[in-house]
Every structure is written in C-alpha cells, then in structure tokens.
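**Student:** Okay, here's what each chain looks like letter by letter:
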Amino acid sequence: MCIHNENKNYTRRDFLTKTTLGMGALSMASMIDPMGLFAKTSPAIVNPNAGGGGILGQPHFPAKVKRVIYLFQSGAPSQLDLFDYKPLLNKMNGEDLPKSVQGEQRLTGMSSGQATLPIAGTVFDFKQHGDSGAWMSDLMPHTAKIVDELCFIKSMYTEAINHDPAVTFFQTGSQLPGRPSIGSWVSYGLGTDNKNLPEFVVLITKDKFGQPLYSRSWGNGFLPSQHQGVQFRSGKDPVLYLTNPPGITAKSRREQLDHLQKLEKINHEDIGDPEILARMAQYEMAFRMQTSVPEIMDTSDESDATYEMYGEDSKKPGTYAANCILARRLAERDVKFIQLYHQGWDQHGNLPNAIKVQAKETDQATAALITDLKQRGMLEDTLVIWGGEFGRTNYSQGQLTATNFGRDHHPKCFTIFMAGAGIKKGFTLGATDDFGYNVTQSPVHVHDFQATLMHLLGVDHERLTFKSQGRRYRLTDVHGEVIKEILT
Amino acid sequence: MKNKNRGYKTILIILVFCALSCNSKMPAEIEVALIDLPEKIDFNFHVKPILSDRCYACHGPDQNTRQAGLRLDIEEEAFKKLMSGERAFVEGKPSRSESVRRILSDDPELLMPPPESNLTLTAHEKALIIKWIDQGAEWKEHWAFTKPEKPEVLFTEVESEKINNEIDYFVQRQLKQNGFEPSPKVNKERLLRRVSMDLTGLPPSIDEIDSFLADDSSDAYEKVVDHLLQTEANAERLALDWLDIARYADSHGLHADGWRLMWPWRDWVINSFKENLPYNEFVTWQLAGDLMPNATKEHKLATAFNRNHPMTAEGGAIEEEFRLNYVWDRAETVGTALMGLTVACARCHDHKFDPISQKDYFQLTAFFNNVKELGMTGDDGNYGPMLSLPDTRTEKKLQTLKTSIQEKERQLQLTKKELADLDTYIKRLPQNSEEDGLIDHYPLDRLTKKGDTYWVDDNKNATASKAPEIIEGVKRNAMTFTGEYDEIYLRNVPNFEWTDTFSGALWLKTTKREKLKTQQLLGTSGEKNNFWRGWDFYLDSLNHLNARLIHSLPHNYIHVRSKDSIKTNEWKHVAFSYDGSGKAKGISLFIDGNDANSKIQFDHLYKSIKTVRSAVHTLYNQPVKVSKSYRGFTGEYGIFKGALDDIRLYQKTLTAAEIKLLAHTNSDEEPPTNEVAKSYWVNRSPEVIKTEKELKKLRDEWLNLMQPVMEVMVMEEMPKKRQAYAYSRGDYTQPIYKVMANTPEVLPEFSDEYPKNRLGLSKWLFSKDNPLTARVTVNRYWQMLFGTGLVSTPQDFGIQGELPTHPELIDWLAVSFVESGWDVKALLKKMVMSHTYQQSSEASKEMREKDPNNVFLARSGSYRLPAEMIRDNALAASGLLVQKVGGASVRPYQPGKLWQEKNTFSHKLLEYKESAGDSIYRRGLYTFIRRNSPHPAMTAFDAPNREVCIVQRENTNTPLQALVLLNDAEFVEASKVLAQRMQKEGGSSLDEQIAYGFRLAISRTPKAEEKEILRKLFQQQAKRFEQKPQEVSELLSVGKKELETALNTPKTAALTIVANTMLNHDEAYIKR
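As given, the protein sequences belong to chains A and B, one line each in that order. Just so we're aligned, residue 1 is where the first sequence starts under the working numbering, counting upward by one. Just so we're aligned, residue 1 is where the second sequence starts under the working numbering, counting upward by one.
If you're looking for bench data, these hints aren't it; they were derived computationally from the structure. Hints are supplied without guarantee of correctness; some may be wrong.
With a cut-off of at most 20 angstroms between alpha-carbon atoms, the simulated SDA-like pairs for lysine to any residue come out as follows [as the list claims (entries may be wrong)]:
#1 A/236 / B/805
#2 B/1007 / A/272
#3 B/512 / A/115
#4 A/265 / B/580
#5 B/908 / A/209
#6 B/1011 / A/208
#7 A/208 / B/895
#8 B/185 / A/267
#9 B/845 / A/272
#10 A/208 / B/900
#11 B/93 / B/31
#12 B/150 / B/698
#13 B/697 / B/500
#14 A/251 / B/1029
#15 B/1011 / A/209
#16 B/850 / A/258
#17 B/517 / A/357
#18 A/206 / B/1068
#19 B/297 / B/604
#20 B/1016 / A/208
#21 A/236 / B/900
#22 B/908 / B/730
#23 B/567 / B/586
#24 A/467 / B/1029
#25 B/845 / A/208
#26 B/408 / B/615
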C-alpha cells in the first residue's frame, strides 16, 4: 500500500509514548534515537518498526542495493572520445554534418550560429577490452581494465541542452529549480542504516573550476529539509560548524550540554512541550557527530596499498581520488547515498588536451573504488554510477584544426556506466548511429535512469510520492520506465 | 458526542446495510467505520477532499485525462446519467449509486480507484461517501471560491471572561462545542517577549520589560502593542515574510548566479510597511505601479517585485525558453502569493484538481508578457527595463544640465543657420576634404602574412586571423568574407563615447539574406558579459541598414534602421553618421550617398557606450570588428557574407554632402555643389566649433553625473503588446493557440471596465467580489502570529488545500480587513489583542493528546523562530545589533570557501568577503542572499534560497541547528560580548549578572533553580579557564569585536559559556 506522507502530522508525542520515555529522570543521552539523525522528528515515529526509518518503512520490494555512490562528472564528458567508438567520424573529419543526421535537434546558442558544423573525429585510440570486448579509448587505462565489472549505457538521452537545466534535470527530475534531489528522495523514502551519520553525503573535488555546481542538486526541494545532502569537506571543519570554537574542549562542551539539559528539563516540566526533548536529542546527536565525522574524514588508518591503488592524488585531501576513498569509508558505514561531484568536463574548445587532464584525475580512482568495493565484498550491495549531464557533439564547436577542436553540448545521446549490485556485468546497453548523433537502439531517458536507480534500492518510483502544492510529486514526474535489460 | 449518537448510528448502519444488501454484503470494516462518523456529513469538509485527492486525476477538470466521461468536480456532471445508464451518486440511495458499488468492489476490473493508480480509499473514507449519499448527497460549491460574508457575532452565545474581541468569540464557541476551555492568560514577561518577537522580530529591552511589569493600568498591553506597531523593527519584521513571497535575492540564481542589485526595492517594502500603506495599494503598486496614473518613481520602484525571479546567463541558453520561464514565474507567484492557488499545475495540462484550465493559466501569464526583457542576461549586473535612482541632489543637477544642453543645442542650430545665410564662403572644397576628421582609411586591397596573422594593406592596426579572399572591388581590390573566421580587427579607433561625433562608410556586396540572422559590417558592441556595450553598424535579416549605440541591452541604447533594404549581389555604398547628441535622430544612415530614410527603433540612451572588458567591466578599447559581431553564445554571430571595400572611419559627423562624395565611384562625375562646400565650411567655422565644444562639455558633465547612478530592474509595458500563447505541455517550441490576458474562469469575471493589463489584474484582485485575496492575506498574517494558518496550506486554497479550521473566523477577518481599508496593522492589532493570542502556550498532557497540533486553539501556538530572528535575538541580547534600517545587503561571517567551490563564473561574487565594520551586526533581513549558496547558518534554520515564491517556511529540528548555535562565530562572539555586558551592566554579584544575561537573552527573570544551574556551570568553567589562560584568550578572540582589555579574564570566558548556554535555551529560539 502506498503511504502518503502528510509530513506535518508526525507528532513527537507518539515518539515519546512509543519509546516509553517519561518526562522525568532520564538522561538525555539515553533518549537519543539513532535513526533520528538530521530528523525533524525521529522518523521512527512514522513507523517505529521500520528498518531505516524512512517514510516507506520497508522498501516496496527486496532491495538489491543498500547504498549508492554516484560519481557525477559535471560539465558532460565526451562520449565520443571515451566510450562510443565511431570510426566514420574520423573518416569524415572536417566535412559538414549532414542535415539529415542533425534532423530537428535544436543546438545551443554557442554553435547554432556557426556557418558550418565540421565533423570532428577523435584523436584518441580505441580498443576493445576484457572478455566483454567493451570499446574504450586510451584515455582511461585503469577503467579499461575493469570493463568486465561495468555496465555501459550508450543510449542515454536528455531534454536539456545547457548545464544548469541539465544537471538540475538529472539530479531532481525537473529542469527548473524547486524539486528534491535524488539523494533527498532516497533519504526521505528509506532513511538511514547508520546511527551517527547523515543518509545523504556530498563530496566535491576541491579547487576544480568549471561549470558551476548548484546546491539544489543536493537540496531537499519541498521535502523536509533534513533530507538535504550534507556536504563533507576536507580541512578542519568537515561539516560546517562541526568544530568547537577555539578554547572550547570536548570536555567543556560536554559540561555545557549537561547543564543545558538540566535547564531544559525544568523548561519541559513547565511547558510540557515534547519538542523540547526532541531538540535536546538533536543536541546530543550533534555532540556525537563531532566525533563520528572527523573519524570518517581521517584516512590515516588506510593502508599504503590502498593509497597506491587509488593513485598519488589520493593522499591529498579534497582530490577526486581522496574523495573516492572517503566514499568507500562512508559506504562501509552504510551511508545510503554518497554523491561526488567532479567539475571540468565542459570542453567547448581545446578538447584533446583538457580531456586528458580530466581523465587522469578520475580514471585510476574510479577503477580503484570499484575494485576496492569488490575486494571488500561490498560491490554485492553497493551501486556505483559514473556519468555527466549530457553528451557532446560529433562536430567541432569553433575551428577544427589538425590537432585541436571543441565539442558543444549534445543531449541526444551519451554514455554512462554503472557497476555493482543488481546490474549486469560486462554488459553494454543501447547503441548510436555511425555518426554518434542519434540513438538507434534501447534509448534510455533520464527519468528511466532515475526509475532504475530507485528500483535497485527497492523503491517503486511511481509510489514514492510527496504531496506538495496540492499534487503528488515524484522524482520521475509522470514518466520513467525501469531499464529491465540491465538488471541481473 | 460519540455516545449520544451511537443509537442513531446503529440505525444508519442497518439502513445502509439493508440498502446495499441486495447487491453486495457490506464489508465489516465499513460497518465499523460508520460508527465514528460525524452526525452530518458536509460535502466540502468531508467528501470533496476525498473525491479531489483520489478521483479527480481521472474524473476531474483535466479533460485530456478524463475517464468514462465522468467529471466529479461539477455538480451537474457528477449527477448525470453515465453511459452505462447508472448514476455515480443517487441522492439518498447508496445502493443504487455506481460510485458505492465501485469503491466497495473486490473485482480489480471494477474497483475504484483502480489498483494501478496506486491510490486507495480507507474504510473511513468509503463510509463518509456512503453516508453522504445516504443523507441526500447535498452538493456545495468550494468554500474559497465563494465570496466571504461577514458572519454574525453573538457574544452572548459564549459567556466567558476570556473574550476580548470577535476572534475569541469564534474560537471559544468552537472550543465549547468540542469540550475544551481556553487557557488562562500567559504571564506578563512571556507575553511581552511573545508580542515583541512576533511584531518586531526583536526581544524587548530590559527597560521595556521593567516598565511593562510596572504598568498596572488596564491598557498596559495595548500601549505596548500600539508602540510596537509603530516601530521600524515592525516594518522590517513584516518585510521579511514579504521577501520570501517576492523571492527577493541578491543574485540571479541560475548558472553563474551572478550579482544583482535589488535592495532599493527592499527598502521600499520596509518603508511601505512603516507607513502602513493599505495592503491593496501595497500590492497594486508592486503589480502595476508603472501603469498607475501619474506614476511616481516609488510606484515604478515597487514593480521590481515582478523582476525578482531567477534569471540565467548561461552561454548557449535559448532566449525565448528562458524569457517565457520568467513570464510564467510572475504569473505563478501572483497565483501562490495573492490568490492562494497552485496555478503552476496548469502549465502543462488542465489542473488535475482545481477548475483551472491550461487556457486559464496562459491567459494569466499574458498579463506579464509585455516586457522588453532578455531571456539570457549577463553573469553580473541588472538588465532592463530599469529605473534609475539618483539621489535628490544629483537629480536636480541633472535637470539643470539638461536645460543648459537644450539651450546650447538651440544656439548651435541658430549659429549654423546664420552662417549658412551669409553665403560668403568660397565655393570649392579643399583638395583633401576627404581626409578631414579621418581616423583611418582601409582600402582592403592586399594582405600580408605576419606570423600567425595577416596585416591588411600593410596596416598593423588592421589584422585578420584567416585570409579573406581578395577580388576586384569598386576601388581597386576588395575582400570577400565567406565564413566565420575571416573577420578583420581595426585597432586604431578611439573608444567612442556617445558625446563624441563619429561616422563610418564602406562599400559592400552581400550574398546573404537569412531569416533571423544579421550581418555585421562594423562595430565594437560586445557580448552578454559586457552588456553588449559599444556601437554597431549592420544589416538585419532583411538587409536593412541599422546602427546602434549601446550602453546595455535591452533598455539603454539608441537604434535606427533604414527604410530601404540593400539588394544582394550588388555593390552598394553605405554609411552612418552620428552627431554626439545621444538621441536616435542624431544617427543618419546613407545608401549610395542618399539619406536612407532611417526610422527610429529605440531611443533611450543615458549612460556610457565606452566598451568594457567582459566580466570585469573595466574600460577597454575593444577593436572595431569587421564582418562579424562580438556576440557569442547566442547563435546569432552576425556573420557577413559577401565582399567589402574601402572602409573609412571618421571622428566627426559626416554631412550628407560629404557622404555623397565618398559614394562616387569615379572622379569624372560632377564636382560637389555649392551646398556641399557651404555645409563643409559652416561646420568648420570657429563659432560652430566653439559651441560644439561647449555642448560636448555639458553633455559629458551630465553623463559623468548619470553614469554612477544606481538602477533597479522594474516592470515596464511595451508600447505594442507582445502576443501571448498557450504552449503544449509548457514547451516553448510548441505554441498551440493565442491567448489574451484574463483571469481564471471559475473566479469572478474580469470586468470589461478593467484595462487588460497588470493594473486591471490588480483591480480584479481587490474587487469586492474576489473571494480569495482577503482570505489568503489574513490567513498569512494569522500564520505569522500563531505559527499555523487557519488554512494550514497558505499556498493552496484550492480543492486540494486544507479546509479552514475556523471557517467563520477567517471570513470575519477577511471581510473586516477589507472594511478597514486593507489596514494590515489594524489586522495585526486585532489578532494580538485577542485572548486567543494572549493565552498561555502551556498544555497539559491531556490537552496535547486531544489536540496535538493545536487545531482548536485552546492554547497559544509555539513555533521555532525564523532564522533571521534567532540571529537578531543573539545580537540584540549582546548589544551588538546595529539597527540601521535599509540599504545594501551585508555579508556577515561565513565559514569555508562556499562560493568558489560551487561557482567561479560570476566575477562580482567570486569570493565571499565579509562586510567592513559593524555592518556585519545588522539584522538577518539584510544578510546577502546568493541563491545558489545562501548563508549556511540561515539555511540550517530553514531560510529559503528564494528561488521560488514561498509563503510557508519549513520548520525543522536538526543537529546542524545545534552546531550553529554552539559553534558559529557569530553566536560565539555574541556570547562573548553578552558576557561582557553582563559584567558591565548586570550588577556586582555573579547571580545578578547571570539573571541580567538571562533576561537579555530570554526576556524573563530566571527561577532560582535555573540560576543555580547556570552558576554551577560558571564555576566549573571558571575553574578550568583559570588553569588554562591560553584557552581564555583563544575563546575570547572569536569574532571581530574586541573586549575591553580589563575583561579578558577567565571570568568572561566562563560567562561566555554561560551566555552561549542561554542562547541555546529553548526560549531563545522558540516562541512560547
């Protein structure tokens, strides 16, 4: 049965009654409901027997995936230089793109004014890899080694042609701001399996410049705000405001909170509002996070072998590689949705050089993360996703020279890959035409991708809804089909 | 009540059971459910919410998804005969009603709602429908769509000493009916804090507390209320909620999320609340101030309301797609904020629940469609239409200068006429008259390769990156331009101001005439990130000649266009000539030496046209670009195709005669006439030159004054309306039919007497028949004071919205509000003077169990304060608060590099830099809002990011909030300064100091036991700090505000922790 959340109706009274805690002599720490982290009220209220404390209580059906690591490649990597091998483009290099191929596709304002759309072949070598024979260019040698773990979707397509709407569409199901992000839906539906950490964590590669990131990509939209992603960052304050001010030790903070509790106990006796106790529970949770979060962020206990596997960058906090290690640590602690953002894939010009840098920054660590998860037996119930917000054109934006070119945004086809639980290994879904411009087989829309992601988590995307402004919203709007072909 | 009706219910069950038994057995769960139903089932309150929520998706207003021809939102449709011959509802006959059969069916083919809809009905809901039919199935119109009538107030009906006014009458009558009692009046300290926080967002000062406690007069409270309503803080408090509604922010929101300047509008809002501008005027000014008769600057400034929406500057964005989004956002904001309707649903299809069709939606958008605006703006800065806001002194000076300029212009014309009449000039031109005022001549005869570039005619100031082909031209050789990379740059041309005179001429032969594409001839005008600033001379898509001088598009430029067009594949001589007046009529266009009859396209230039660098906006002499524009990202690059020859640029106003001369192809033609010589010599006479110089000086002076004047984005109607359309599924590429401005059909008619524009819309909103506006407004103010509205969905008064908990009260308030002349302060006063407001918020366990959400109002509402007020309370308690009203937004402490890590596109908002001086201690209302990275401490407390109109904030409780109050530098600093204040002002003993701090932070005297707890905390901490002087100085170094040297003590450090504990006390951030 479908459970509709009218979220204003949770009552703290239920919580207190159900946990049989009287108002009196209990210590605050004993009241803490671990499921209540970042909660407006303890989700246990909604369903005290629920595993994860989400609104659904239990998933709609048995979940293959317990947690997701989404490696978002912001700016849109060129599928034609990485995965989608199109020898015809090299043959036709420099020729104007035939109108018959372009069809009715609208172009961005950046290349629609060009006098010609010169086809640009790739400058990278493509080879088949592994038993599955997956095509990859030589830009990602490490990933190429693990293709038999991966499932490529070469027939992704989207509706948006510019970054802001496209990223917003991918992450929230709508091109316009205002909707909850995927991770927020997951948090809202399934809650958390961890007692001390948020269920939705965001990691951003430090000091990368490129297309902007939008906080709405991990925002809660109209869902209660405890479901928004919490950004963990390298440095001394891994979560904003987590660290005590200078001169305040953990001990003195503990003493302060003990006295605050005593004051609130008096207050509660006077006013009788259970909200007071719920607030104090959050103070205790905050106190515990001050230990649990730095513990996660401190990777000094990782072995040399691990650093070696993830590459030289992995020792530098804030790099993509270091974030991949953090993602694994968060996954180990059952954080449900871990989203990395890596900027810099927007190669409108100077693609041959720029994409090399991007590939170098991400390739080894991506492969290492998947391998590492596998070695630890975690790939059994973890889903890893790698991909951007759209693809890139087969023609050059701006001048095409013998050694240089750029590619504009292309929504009609692009490649992403996934690995892990519930997903076929060494498998490729979909295909594009010889020009790498149109999908010819098994088109996968962004909403289909979202539906599949939810499905793997045990959620029927049509049944996880939230009523706002008089209608029931869902991640996939009124669309989305689960991509059955890629499921095990 | 239950027991009393048990007997009746049993009978009903039997009746219904009998009625149904012929078809199906009554399920046991329904029997049980029937027992608990109210005596009288009301269609609006009990049945319609079920129908709309579970049935309307297929049987509602949206005709595209309607199934079986059944429509359940209109009475006659719902009761009509179905195709099967049955009727969904048969009055008094559940057993004969098809709807009942369907909802009770266990056949998945028949069951309603169908299993695949993922919707179900509970037994209780089924029972409600059955009983409603049994009682005669009485239909009622939706409550919020019928005009409110003022209900009668019979105070005698409710005998109570706790009735202060009509509000109490309605509330207590309902309490009585439900077996509740109102709570006693809250104590004075708490009452004062409550009403101060609610009305001003600031805690009462200790003096205010003392004087209120000492005032035993019967109107002591009323005096406080009257005073609070008069304060500036009250205006700021009221403005805060309006800023959420208006989605006010200091950045653009989309993509680059760059800088915008809209705070003067915020000042207008604050000031309007201060003046208590009647609400109908307050809104009318904002919707249509520019259209009001004799509109003042303030009227126009108010319309910035509708320019607060997010805007994109993403390169490549498609203009029309985003322009329409802005138009639609305005309509949706008006829908949510003023009408309480979720009209946005009808953007893609007829509304599923409310009788709002897709046509209604797009008709509403048509009111907001007539603005000359851009879909894609630049990363930073405002874009037109704009309103300049010079201060009074500047405005006066500008006016004086303008008068002098006009006088001087007249004088110049007279001088010229006099000189021409003299007829004493020699009748020949000097030999090299073509060279006079010439900046450079570019014959385009040959190219020389120099490194990676080419020099044109061996002129190092004229370069090309690719080689245009050289062909035979009009004057020796010419160059052809075939693609987008063979443009020429001319680097020796001054960066013209519009007070300069300049002209240009060239020969062209174009091969292109393409829909929506222009062809640039010459120009410096740039791209979005430098406001398209500069000048250009080009052919439009129909090959008419155009010239523009641009400060910023789309509002600050002049533009003329030739009446005649240029034929393709023919050599033509074209020229423009400009006189430095800043007026469109000062630009002349010529084809083949003849005046091209230019028509003025736009004539509003008042700031500099000197080109600036992209993004950074510093002055930069952009080379004149030939054969292609500087525009990027728009898909319209102005590529010229064809041949060009013999370009000349002049630093003077070329006369018609001079241009005629240039247009001559061979020297055999007749020599220039007397007229030519005359105009030549007149223009060079010392008197004319002198007057022109003086004129330029005056114009420059005017411009220098005008240039820095601040401007705000406002609404401005275009002279000719832009046709509005309905779009299939809201897709800008798929207009389906034309629409005219109109209001939704289900609501009162849009009178023919109203103008069909925003002003008319405003008249309609505030017409006496409008059922929504007053209700929606009083509900929002109720929500502000009580935490929850009488309708708990303030954004949705439609069918799916919650029903009012006190229907008569909301109507009484709405009608009284209108009768008062839409007086917001009177409304607030009425509310806070009620006993309902003044009663205690304490509640027994029993009361909480009976009414956990305080629907019946037997106690006062509690809620967590908005983010801004939590901050303000800490600043006020410590004395740090700087109460300056209005002005630009400020940037208080913010951790991390939150701006850079997300976005490096905006130049002006690249790095977050704290504001200087004490402005960081201003009220939270003034904190800079960057939409894509709003202040994290504010976000933690649910401050919205202002991307969309919000009429109700989330009110959550998270560990992050605790971390902010404990660790944010702002709160630690406030604790530190409060600790100092406690010692300086609080008295000599520790107990007095603690009590003083407590009163500052929480507005009441602590109880003995509370003082004791805080004293123990102090002692414990003081001991530690005495042993660790290092920690004392570390803690006391937080924040910019330095303590008095003598107070850098372990005691202050320990008191800082005590003060911080007080600021973390429930009563510091929860309204009680």
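**Student:** With the threshold set at 20 angstroms, check whether the alpha-carbon distance from residue 567 of chain B to residue 586 of chain B stays at or below it.
**Tutor:** violated, 26 angstroms
**Student:** Given the hint that residue 208 of chain A pairs with residue 900 of chain B, does the C-alpha gap stay at or below 20 angstroms?
**Tutor:** With Cα atoms ~9 angstroms apart, residue 208 of chain A and residue 900 of chain B stay inside 20 angstroms; holds.
**Student:** Quickly compare the C-alpha distance for residue 408 of chain B and residue 615 of chain B to 20 angstroms and report which way the hint goes.
**Tutor:** violated, 38 angstroms
**Student:** Hinted pair, alpha-carbon criterion (20 angstroms max): residue 93 of chain B, residue 31 of chain B. Please report holds or violated.
**Tutor:** holds, 17 angstroms
**Student:** Quick one, are residue 1016 of chain B and residue 208 of chain A close enough, alpha carbons at most 20 angstroms?
**Tutor:** violated, 50 angstroms
**Student:** Going straight from one Cα to the other, do residue 265 of chain A and residue 580 of chain B come out at no more than 20 angstroms?
**Tutor:** Violated, at about 77 angstroms.
**Student:** Would the pair residue 251 of chain A and residue 1029 of chain B pass a check requiring their Cα atoms to be no farther apart than 20 angstroms?
**Tutor:** Roughly 16 angstroms between the alpha carbons, so the hint for residue 251 of chain A and residue 1029 of chain B holds.
**Student:** Is the Cα-Cα distance between residue 297 of chain B and residue 604 of chain B 20 angstroms or less?
**Tutor:** It holds: about 17 angstroms lies between the C-alpha atoms, which stays within 20 angstroms.
**Student:** If you draw a straight line from the CA of residue 150 of chain B to the CA of residue 698 of chain B, is it 20 angstroms or shorter?
**Tutor:** violated, 63 angstroms
**Student:** Run the distance test for residue 850 of chain B versus residue 258 of chain A: straight-line Cα separation, threshold 20 angstroms.
**Tutor:** Roughly 33 angstroms separates the two Cα atoms, so the pair is violated.
**Student:** With a cut-off of 20 angstroms on the C-alpha distance, tell me whether residue 1011 of chain B and residue 208 of chain A pass.
**Tutor:** Status violated; Cα separation ~52 angstroms.
**Student:** Keeping to a limit of 20 angstroms between CA atoms, is the pair of residue 517 of chain B and residue 357 of chain A held or broken?
**Tutor:** With Cα atoms ~38 angstroms apart, residue 517 of chain B and residue 357 of chain A exceed 20 angstroms; violated.
Of the numbered hints stated above, those contradicted by the structure are hints 1, 4, 6, 12, 15, 16, 17, 18, 20, 22, 23, 24, 25, 26, listed in ascending order.
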